[in-house]
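K.L.:
What follows is the residue order along each chain.
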Amino acid sequence: MKEMSRIVKTVTNFVYGFIIIFGFYIIAHGHLTPGGGFQGGAVVGSAFALLLVSYGSLNSKKFLKEDIFSLFEGFGLILFIVLGFSGLGITFFYNFLANSGGWFGDTAVIGVNPGDMNTGGVIPLMNIAVGLEVLSAFGVIVLTMARGAEFTKKKEKS
Amino acid sequence: MKKIIFGIAFIIFFSFLIVSAINMRTFGEPTISEMDDYFIENAQSETGANNVVTSIVFDYRGFDTLGEATVLFTAVVGVVALFRGVKK
Numbered sequence: 001m002k003e004m005s006r007i008v009k010t011v012t013n014f015v016y017g018f019i020i021i022f023g024f025y026i027i028a029h030g031h032l033t034p035g036g037g038f039q040g041g042a043v044v045g046s047a048f049a050l051l052l053v054s055y056g057s058l059n060s061k062k063f064l065k066e067d068i069f070s071l072f073e074g075f076g077l078i079l080f081i082v083l084g085f086s087g088l089g090i091t092f093f094y095n096f097l098a099n100s101g102g103w104f105g106d107t108a109v110i111g112v113n114p115g116d117m118n119t120g121g122v123i124p125l126m127n128i129a130v131g132l133e134v135l136s137a138f139g140v141i142v143l144t145m146a147r148g149a150e151f152t153k154k155k156e157k158s
Numbered sequence: 001m002k003k004i005i006f007g008i009a010f011i012i013f014f015s016f017l018i019v020s021a022i023n024m025r026t027f028g029e030p031t032i033s034e035m036d037d038y039f040i041e042n043a044q045s046e047t048g049a050n051n052v053v054t055s056i057v058f059d060y061r062g063f064d065t066l067g068e069a070t071v072l073f074t075a076v077v078g079v080v081a082l083f084r085g086v087k088k
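From first to last, the protein sequence lines stand for chains A and B.
Just so it is clear: in the first sequence, position 156 is 156 by this note's numbering, and no numbers are missing.
Just so it is clear: in the second sequence, position 58 is 58 by this note's numbering, and no numbers are missing.
Derived by calculation from the structure, the hints in this document are not laboratory data.
It cannot be assumed that every hint is accurate.
Here are some, though not all, of the chain B residues that point toward chain A, as calculated from beta-carbon distances under 7 Å [stated by the list, open to error]:
{"#": "1", "residue": "Gln44"}
{"#": "2", "residue": "Asp59"}
{"#": "3", "residue": "Phe83"}
All of these numbers come straight from a predicted model, not from anything done at the bench.
Ideal Cβ placement from N, Cα and C applies to all residues, glycine included.
Generate coordinates for the entire structure from the input sequences, incorporating the hints supplied.
P.N.:
What follows is the structure in structure tokens.
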């Protein structure tokens, strides 16, 4: 892929951090506000795609590595399955942390209210697991396809 | 001949659409929905999450979400397998 112009690169440098932070906000507040793991992961993945499109070359930023992303993806899926299995004392995917008083275990105030981060039981942990999986899936797909496109272009030239 | 058959089939299909559109309920008055009422009443006290949609997706129907995550993982595996011959 070719690099884009200096304007696009400057705007990307301004914006991509905010997009990533916004995506992580959506993931972390999935049990209080609209959104969740899938949506927030898609937002973070769009920031990766923006970086790759505007810079062109693959290793413009050091943290964009396929190995790290594939590691995170497997970790996210395994964490999700483990959280599903750990409620197995009652049923599969039982919310064993809700209203227990421990981690994320406070009881929610019934009715319309802004909400408390420390509620929701197993739901915030599952949001984090799914968000990690979705954002690294986006990263792996985008990076692999860009590498394939570069390879094809090089082969056509020679 | 073919055009006549297609025309008759189209008219029958379209008449079904019109009849169902006439018989539709007025906007804002859904059918009897005990499941929705149960979720709206009890989701906040049972799961402790304020967002009812998330509590349905990740708690009441967590198995469905597991399938979605597996589909995404399979898609990534497919893409990586498709581009496996490309060197770094």
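K.L.:
Work down the list of hints and note, for each, if the structure agrees.
P.N.:
We went through each hint and held it up to the structure:
1. Gln44: 5 Å, holds
2. Asp59: 5 Å, holds
3. Phe83: Since the shortest Cβ distance to chain A is 5 Å, the answer is holds.
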